[in-house]
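Those protein sequence lines, which keep their order, are chains B and Z. Take the first sequence: its letter number 100 is residue 100 in my numbering, and every next letter is one higher. With the second sequence counted from 1, adding 1000 to any position gets you my numbering.
Be aware that one or more of the hints could be misleading.
Unchecked claim - Here are the simulated DSSO-like pairs of lysine-lysine, each with C-alpha atoms no more than 30 Å apart in a straight line:
(1) B:K15 with B:K25
(2) B:K151 with B:K85
(3) B:K74 with B:K161
(4) Z:K1104 with B:K151
(5) B:K31 with Z:K1019
(6) B:K151 with B:K31
(7) B:K247 with B:K31
(8) B:K15 with B:K85
(9) B:K151 with Z:K1019
(10) B:K173 with Z:K1019
(11) B:K25 with B:K247
To be verified - Beta-carbon label-pair distances, calculated as ranges:
(12) Z:E1059 with B:Q104: 56 to 62 Å
(13) Z:E1027 with B:L87: 51 to 57 Å
(14) Z:R1137 with B:I176: 48 to 54 Å
Stated by the list, open to error - Partial pick of chain Z residues on the chain B-facing surface, computed with a CB cut under 10 Å:
(15) E1017
(16) K1019
(17) E1022
(18) A1032
(19) S1033
(20) I1037
(21) T1044
(22) P1045
(23) A1048
(24) A1049
(25) G1071
(26) L1076
(27) M1083
(28) Q1118
FYI, nobody ran anything at the bench for these hints, they're computed from the structure. Idealized CB from N, CA, C, for every residue including glycine.
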Amino acid sequence: MANTIDIRRRIRSVKNTQQITKAMKMVAAAKLRRAQERIFAARPYAAALREVLTSIATRVEELEHPLLHAREEKNVLLVVVTADKGLCGAFNSNVIRATMNAIQEHSWESVELLPIGRKANDFFRRRTIPIRQGAHVFQALTLDVARGFAKMLIDDFISEKIDAAYAVYNEFKSIIAQRVIVERLLPIERAWDEVGEEVEYLYEPGPIQILSELLPKHIEFQLYRILLESAASEQGARMTAMEAATKNASDMIGHLTLTYNRIRQASITKEIIEIVSGAAAQEG
Amino acid sequence: MADQLPTSFHLTVVTRERKIVETDAVELVLPASDGEIGILPGHTPLLAALRVGVMRYRENGAPQVLVISWGFAEILPDRVIVMAETARLPQEMDVATAEAERVKLERELAELSSHDPQFAIVEGRLEESVAMINVHRGM
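Okay, chain B solo, but in the shape it has when bound (with noise of 0.2 Å):
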C-alpha cells in the first residue's frame, strides 16, 4: 500500500500542474482574440481585392498573365506552415502528415519544402526533403514577411525554377476547430467569379497593367491570409489542448485524493481496533 507522503507529493505536483495548464489556457485564449482581429481586420482588403479582381476578369475578355498559366508540375514547393511551439495538441503533426501524404500521393518530379515555423524546420531539417531556408515568424508576423515569401515563389514560378506552389496550413474555422488544408498558391486559381456586375471601367494605366500588378499582390495578401489562419488556428488548438490538460489533471487529483482519504481511514481504523483490543485483552 502506497504511503500517504508520496500521495500527498503527487497531489502537490499534479496541482502545480494545473496551474500551468491553465495559465497557458488564459494566454491562449487572450492571444486567440489579437489572432483573431487581425484576421477580421484584413476582410474588408480581401473583399476590395476580390472586387477588383472580378470586375478586371469580367471586363477584359482573354485574361492571360504568366502567374495564372498553368504547366506541367514537375518541381514543385510546398509551402509547409506549423507554429513554433509545441503543446497545441495534433496541431503540427497534423500539418506534417499532410505534407507526407501530399508528396506521396503526387507524383511530382522534384519537391521542394520551404518550412514556416519553427517546428516544421526541426521536423524536415532531418529529412531527406530538400528544404529552403524557411523563418521563424511567428514572434513577429507582419506583411513584410509574407512579401517577403510571396517575392521568392513568384520570381521561382516566372523563371520556371518551380511549376506550382502549394500551402499546407491549418485554416481557422472556429475557436475549436482547425483544418489542415493543402491549397495551390501558383499558379493562380481564377477564385473569383468571372461574371460580376458589368461595370465600363476606365483604367490608368491600361488593364493588363493592373493586373499584374494586382496578381502578385494577390499571392501576398494570400499568403498573409495563411499566416494569420494559422497563427490564430495554433492559439485555439492550444486552448483546447490546455483546456483538456487542466480537466484531466482534475480528474487525477479527483483519484489521488480518494485514494489518499482511503489509506488515511485505513489507518486510524487499524489504530482503534489495536486500542479497543489492547484493552480488552487488558480487561480480561
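Given the structure of chain B, go ahead and fit chain Z onto it with the hints provided.
Only chain Z this time, still in chain B's reference frame:
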C-alpha cells in the same frame, strides 16, 4: 448617364492590416501612377494604380490628408475604395519621427545593391517618410 449626379461619395481606405477611413467625402485627390487625379462625386468608373504619395480628401468641412503607398483605387460614381499597401494618418507620425526614419532608411538604402529585393521596399518606405515630412511642412 445619370440624370442627377450624387453630391457625395462613400470613401473607404483599407490596408491589409486595418480599415483606416470610412466616410462620405465630396472631393478626393489620389496619387495615381501617372500623376495625381482628382475625383468628384459622379466620377466615371475608373480603376487606377497608385504610387507612394499624399492622398487628400474633403468631407463636408476640413480637408483630410493621408500618406499612402501603392495599391489600387476603384472609383465608381457613388463609391471609392482605396486599397493601399500602407496608409498612415499624419497624426500617427510627427515630423521628428518621420525625419529620423528618413535618415535611417537613407543609410539602409545606401548599403543595399539595387538588385536586392529589399531595395524596392526600403526605397518605398523612404518615399513614404518624405511624403509624411512634406505633409507636416505644408500644414
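Now the hints, each set against the structure:
1. B:K15 with B:K25: holds (15 Å)
2. B:K151 with B:K85: Measuring from Cα to Cα gives roughly 27 Å; hence the hint holds.
3. B:K74 with B:K161: With a Cα-Cα distance of about 10 Å, the restraint between K74 of chain B and K161 of chain B holds, given a limit of 30 Å.
4. Z:K1104 with B:K151: Within the cut-off at roughly 24 Å; holds.
5. B:K31 with Z:K1019: Roughly 21 Å separates the two Cα atoms, so the pair holds.
6. B:K151 with B:K31: holds (29 Å)
7. B:K247 with B:K31: holds (21 Å)
8. B:K15 with B:K85: holds (23 Å)
9. B:K151 with Z:K1019: holds (25 Å)
10. B:K173 with Z:K1019: holds (23 Å)
11. B:K25 with B:K247: holds (12 Å)
12. Z:E1059 with B:Q104: 56 to 62 Å: At roughly 59 Å between Cβ atoms, Q104 of chain B and E1059 of chain Z fall inside 56 to 62 Å, so the hint holds.
13. Z:E1027 with B:L87: 51 to 57 Å: Holds, at about 55 Å.
14. Z:R1137 with B:I176: 48 to 54 Å: For R1137 of chain Z and I176 of chain B the Cβ distance comes to about 53 Å; the hint holds.
15. E1017: holds (6 Å)
16. K1019: holds (5 Å)
17. E1022: Hint holds; E1022 of chain Z Cβ to chain B Cβ min 9 Å, cut 10 Å.
18. A1032: Hint on A1032 of chain Z: holds, closest Cβ of chain B at ~6 Å, below 10 Å.
19. S1033: Check passed: Cβ of S1033 of chain Z comes within 6 Å of chain B, closer than 10 Å.
20. I1037: It holds, given that the least Cβ distance between I1037 of chain Z and chain B is near 7 Å, below 10 Å.
21. T1044: holds (6 Å)
22. P1045: holds (5 Å)
23. A1048: Since chain B brings a Cβ to about 4 Å from A1048 of chain Z, closer than 10 Å, the hint holds.
24. A1049: At about 6 Å, which falls below the 10 Å cut-off, the nearest Cβ of chain B leaves the hint on A1049 of chain Z intact, so it holds.
25. G1071: holds (8 Å)
26. L1076: Since chain B brings a Cβ to about 7 Å from L1076 of chain Z, closer than 10 Å, the hint holds.
27. M1083: holds (5 Å)
28. Q1118: Nearest chain B Cβ about 8 Å off; hint holds.
Violated hints for the displayed structure: none, as all numbered hints are satisfied.
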